[in-house]
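There are 2 protein chains.
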Amino acid sequence: MGTVKTGLSMSLDGFIGGLGDQAWPVHELLLGWKFDLASFRERIGLEGGQSTIDSEIESEEYLHNGAYVMGRRMFDSGEVPWGDNPPFHAPVFVLTHHARATVLREGGTSFIFVTDGIESAIRQAKAVAQDKDVFISGGASGVQQALKAGLLDELQLHVVPVLLGEGVRLFEHLGTKPIELERVSLVEGTGVTHLRFRIIK
Amino acid sequence: MGTVKTGLSMSLDGFIGGLGDQAWPVHELLLGWKFDLASFRERIGLEGGQSTIDSEIESEEYLHNGAYVMGRRMFDSGEVPWGDNPPFHAPVFVLTHHARATVLREGGTSFIFVTDGIESAIRQAKAVAQDKDVFISGGASGVQQALKAGLLDELQLHVVPVLLGEGVRLFEHLGTKPIELERVSLVEGTGVTHLRFRIIK
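Protein chains in written order, with the working numbering: chain A, 358 to 558; chain B, 358 to 558.
The following block holds chain A by itself, in its conformation from the complex:
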């Protein structure tokens, strides 16, 4: 049985995205550490790039994923830029309130729309992933729902050394019952710090 996990780039003050017209600049700021990595360039079809520890970490995050879960807004903003051959190469379960027919893409990616919540999405994703992992791609709300429902097994954060002051907070709406974690890995990247935790249940 695989694990249910997520991996997100987060500012030191806890934001994983920007609001309004800050969405794109903050995206660049938080994900910038990936753009020149060999692993990232390879995934989007480019050659070259740096083969650092960051590249290993970035690559490893996708290696064992048999299915994905993501929020509807993430799907909406990605649908066009991802093109005909999106970088998932596996079924992606999209959390939405509106039923829609499955979208098939090249390279093994399909988008399946789930209207009955996070537990159903994760259950379906686990069924197709079999012994591989289910990766929750975000946004914040999907990760929060999975955490709150006790369905997340592992959490990786790529902490970017910046205080943004505002944006989309990763850790909100979690209720007031503390969730304990155990650090399973700590890697000093170039600028960014990679922290991986197991959620204790």
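Incorrect hints may have been included.
One copy or two, either will do: identical chains are not told apart, so a pair holds if it fits within one copy or between any two.
As the list claims (entries may be wrong) - Derived pair list, reagent style DMTMM-like, types lysine to aspartate or glutamate, alpha-carbon separation capped at 20 angstroms:
1. Lys391 x Glu539
2. Lys534 x Asp378
3. Lys505 x Glu523
4. Lys391 x Glu537
5. Lys534 x Glu523
6. Lys534 x Glu385
7. Lys558 x Glu539
8. Lys558 x Glu511
Just so you know, the hints here were simulated from the structure itself, not pulled from any lab data.
Once you've looked at the hints, dock chain B against the given chain A.
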């Protein structure tokens, strides 16, 4: 010239304290990593304890401090438990709205009440610290004011692997201009992760 710095234990979701009747349990949860360390026990007059990397980090945080700055609430909650010989052994500048005569204690600690804001408190603290450091003990508001005024040079976080869901957030009210940092140290403690940053100005 010394630096202006702070060091705080923070939950992974960004809280450094609890609200209302959660204040004490959260204090124990976030500072628990210190309680059995040799350095911490020595500071409060006890023998024994563990001499780990955490103990070194904890001890180092106090070593070069020539003066402290703290918020009024922190002073109020500490005044009695700290007793006749508080653990500062240096002048402590307390941010308050109400003027009050300086309080002298044993062992070199004095509490000086500053009514004209963070800049004044840090300026006075620097003057007495000379080539030693000024340490901002908290709470969150004092650190936020120092960060926002561009007066903080270094920030150490002891990240505790727990998601609290609610409490006193460290990084709030910072405005919307990103503050860039540079990681200067990363140490894998027992459970806790020690991250030290320089603030880029």
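Okay, the hints, checked on the actual structure:
no., hint, verdict
1, Lys391 x Glu539, "between (26 angstroms within a copy, 17 angstroms between copies)"
2, Lys534 x Asp378, "between (34 angstroms within a copy, 14 angstroms between copies)"
3, Lys505 x Glu523, "between (23 angstroms within a copy, 14 angstroms between copies)"
4, Lys391 x Glu537, "between (29 angstroms within a copy, 18 angstroms between copies)"
5, Lys534 x Glu523, "between (25 angstroms within a copy, 9 angstroms between copies)"
6, Lys534 x Glu385, "between (34 angstroms within a copy, 16 angstroms between copies)"
7, Lys558 x Glu539, "within (11 angstroms within a copy, 34 angstroms between copies)"
8, Lys558 x Glu511, "within (11 angstroms within a copy, 36 angstroms between copies)"
Figure legend: structure checked against the earlier numbered hints; every hint is met.
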